[in-house]
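Trainee: Build out the structure end to end from the sequences listed, making use of the hints.
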Amino acid sequence: MTALAAPPTAPEKGDPPQTPPPGRRIGKGGAGRTMKGGWLSYLILGFALLISAFPFYWTIVAASRSNADMAKVPPSLLPGPNLIKNFEQVLEEADIGKALLNSLIVSGSITIGTVLCCTLAGFAFAKLKFKGRNALLTLTIGTMMIPPQLGVIPLFMLIAELQWVNQLQAVILPGLVSAFGVFFMRQYLVQSLPDELIEAARVDGASTARIFWSIVIPIARPGMAVLGMLTFMTAWNDFFWPIIALSSQEPTVQVALRQLGGGYVNDQSVIMAGTLLGTLPVLLVFGLLGRQIVGGIMQGAVKG
Amino acid sequence: MSLTATAKAGPRSPAGTGPGPDDGRAAALRRTWRKASPYAYIAPFFTLFLAFGLFPLVYTAFVSLYRVELQTSGEMEWRGIANYTALFTDEYFWTSLRNTFTIGVLSTVPQLAMALGLAHLLNYKLRGRTFIRTAILLPYATSVAAATLVFAQLFGKDFGLINYAIGLVGFDPVDWQTGTVASQIAVSSIVVWRWTGYNALIYLAGMQSIPHELYEAAEMDGASRWRQFVHVTLPGLRPTIVFTVIISTIGATQLFGEPLLFEGSISGGISHQYQTLGLYMYEQGWGFFHLGRAAAIAWVMFVLIVVLVGVNALIARRRARKEAGR
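Taken in order, these protein sequences are the chains called P and A.
Position 203, counted from 1, in the first sequence is what my numbering calls 203; the numbers after and before it change by one each time, with no gaps.
Position 55, counted from 1, in the second sequence is what my numbering calls 1055; the numbers after and before it change by one each time, with no gaps.
No lab work stands behind these hints: they were computed from the structure.
Incorrect hints may appear among the rest.
As the list claims (entries may be wrong) - Straight line, CA to CA, 16 angstroms or less: simulated EDC-like cross-link-like pairs of lysine to aspartate or glutamate:
1. K129(P) <-> E199(P)
2. K1157(A) <-> D1172(A)
3. K36(P) <-> E1216(A)
4. K85(P) <-> E199(P)
5. K72(P) <-> E88(P)
6. K72(P) <-> E199(P)
7. K36(P) <-> E1219(A)
8. K85(P) <-> D95(P)
9. K72(P) <-> E1219(A)
What the hints assert, rightly or not - Partial list, derived from the structure: chain A residues whose beta carbon lies under 7 angstroms from chain P:
10. G1053
11. L1057
12. A1061
13. I1136
14. A1141
15. L1161
16. Y1164
Every residue gets a Cβ at the ideal spot worked out from N, C-alpha and C, and that includes glycine.
Mentor: Shown next as structure tokens:
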């Protein structure tokens, strides 16, 4: 199990500023390897990017055509004129509008709650001394790798007992549990919060609560932001538990997409229009904060 | 006096007022609070963790010994190991176990191999590397549901783009839905698409922590790029590789959304040809309403994950020891 506790934590060294300065001489300066990439590297990477991006492009193409176009040989590879019409139809048939709103509520609450809980607990594990600290931390990290999917049956029975089936809190509350988040915030604070700072505040008579608000939170903010972005994406894309706890009456985007794919709608281009609508918000977040997400993952994020 | 004392001992006591000589009671209170207060910080997390994380996991083993039906989930009837024997005599259990394994191999091996190659390229000095890194992670931002719906469309038998491309090269169209091997390749390709970029970035982070001097020394010795990759990069990357193998193994064991949405059937195709354990569990629990039996499947998956992770860790440790003994 020792291997589990050692995710890659290498900081991203020598990352260039937002965009690489155009006049920079290649092969000089910066950390990392000095070897330049040859044309073959660019070719292979270009091909990889093409494969990464193609399904997105294809979604747009398919979502903007008609069902008849989709059955044409040869297939049309350029976007068509029906995007708005397909959007309207999918909003009507699959209630994607409500699903988008629900997903926003669910992912937003999970993100805020998780970041808060994990920062509190991460701070305690990183800087406070208390009995049972190591045992509790080991318990948290030990369960980090166990897929929550394995606990869905008792969880469902619990939710049914509370009569929460088909209500958003059934997805929000379990979504707040993030052992990874606690571990992540603890690592972050161990590295970036000097003990002397806390000692100095203590000497000045500050209580732990005051230290938390005035010292820990400002220092933890970048880490909280990274955790928040990762949590939001995970919560938005969560599939297994929402399709069990919710239904088409109160869907999240993923539940609605499941309905779309389940054969209730036969029009391929309408299905793709729904897929596009459900993916746009995450793509937007990713477009704005992609660089930070890349950094967060390289600092040792863990799969879903 | 007592008012100020509690105020000072409370969590919101003002900063800058050191303990005076004569408020011993306040100091004592404060000491008690300081001992107890750390628990207040972990309480929110652990309350939720116990109720919605740990309890369900542990209770799964208990539920798996009972007969529990979906509609009447409050009533539990003792069955002993009957859920497990029913499981082990169901041929679809073995089918889904086998499928989980083959799809796991089909998705994990190419995914990690390609990720390693891409990370190696990303580690060169490149123009626009921030852009490349972000773009390569794009599939990771997509949900299972969205990705699977698009791929199901691309893999369509009659009008899918992939069969069209295959036809252009001069081959017959492939039935990506009914063929066992073909459908498993199709389902695996969704996993590969979503996770290769993510793993490439993890490997890249690992590569960047390998000391630069090792490469300089290798270059001095006249080692080619390939030999540097084999003799410097790979050994330095071993802990990262073990980490990704374990993570991917866990992910493969619980694979669910891709096979569910590929055709929208909970039995994983017409003859269960790509039904995974995760999907089999869902079918038993929410298709046939046997929650007790679904819990037994969950428990089997848990044991499977523990065994697989254990084997991985053992192999990694043995190899590391062998390496050190050389």
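Trainee: The structure should be examined with respect to each hint, and the outcome stated for every one.
Mentor: Verification of the hints:
1. Proposed proximity of K129(P) and E199(P) is supported: the alpha carbons are some 13 angstroms apart, at most 16 angstroms.
2. Note on K1157(A) and D1172(A): the hinted pairing holds, with a Cα-Cα distance of about 11 angstroms set against a maximum of 16 angstroms.
3. Under the criterion of a C-alpha separation no larger than 16 angstroms, the hint pairing K36(P) with E1216(A) is consistent with the structure, at around 14 angstroms.
4. Distance check on the hinted pair: K85(P) and E199(P) sit about 63 angstroms apart at the alpha-carbon level, beyond 16 angstroms; violated.
5. Restraint check for K72(P) and E88(P): not satisfied, since their Cα atoms lie roughly 23 angstroms apart, outside the 16 angstroms limit.
6. Proposed proximity of K72(P) and E199(P) is contradicted: the alpha carbons are some 72 angstroms apart, above 16 angstroms.
7. Restraint check: the Cα-Cα separation between K36(P) and E1219(A) comes to about 14 angstroms, which is no more than 16 angstroms; the hinted pair holds.
8. Between K85(P) and D95(P), the direct Cα distance comes to roughly 15 angstroms. Compliance with the 16 angstroms bound is thereby established for this hinted pair.
9. For the suggested pair K72(P) and E1219(A), the alpha carbons sit about 55 angstroms apart, so the restraint of at most 16 angstroms is broken.
10. A distance limit of 7 angstroms between C-beta atoms decides the matter here; for G1053(A) the minimum to chain P is near 4 angstroms, and the interface restraint holds.
11. The criterion of a C-beta within 7 angstroms of any C-beta in chain P is met by L1057(A), whose closest approach is roughly 4 angstroms, and the hint holds.
12. The interface hint given for A1061(A) is violated, since its Cβ lies 10 angstroms from the closest Cβ of chain P, which is over the 7 angstroms cut-off.
13. Interface hint at I1136(A): satisfied, since its Cβ lies 6 angstroms from the closest Cβ of chain P, which is below the 7 angstroms cut-off.
14. The criterion of a C-beta within 7 angstroms of any C-beta in chain P is met by A1141(A), whose closest approach is roughly 4 angstroms, and the hint holds.
15. The interface hint given for L1161(A) is met, as the beta carbon of that residue sits about 6 angstroms from the closest beta carbon of chain P, less than 7 angstroms.
16. A hinted interface residue such as Y1164(A) counts as satisfied when its beta carbon comes closer than 7 angstroms to some beta carbon of chain P; here the least separation is about 6 angstroms, so the hint holds.
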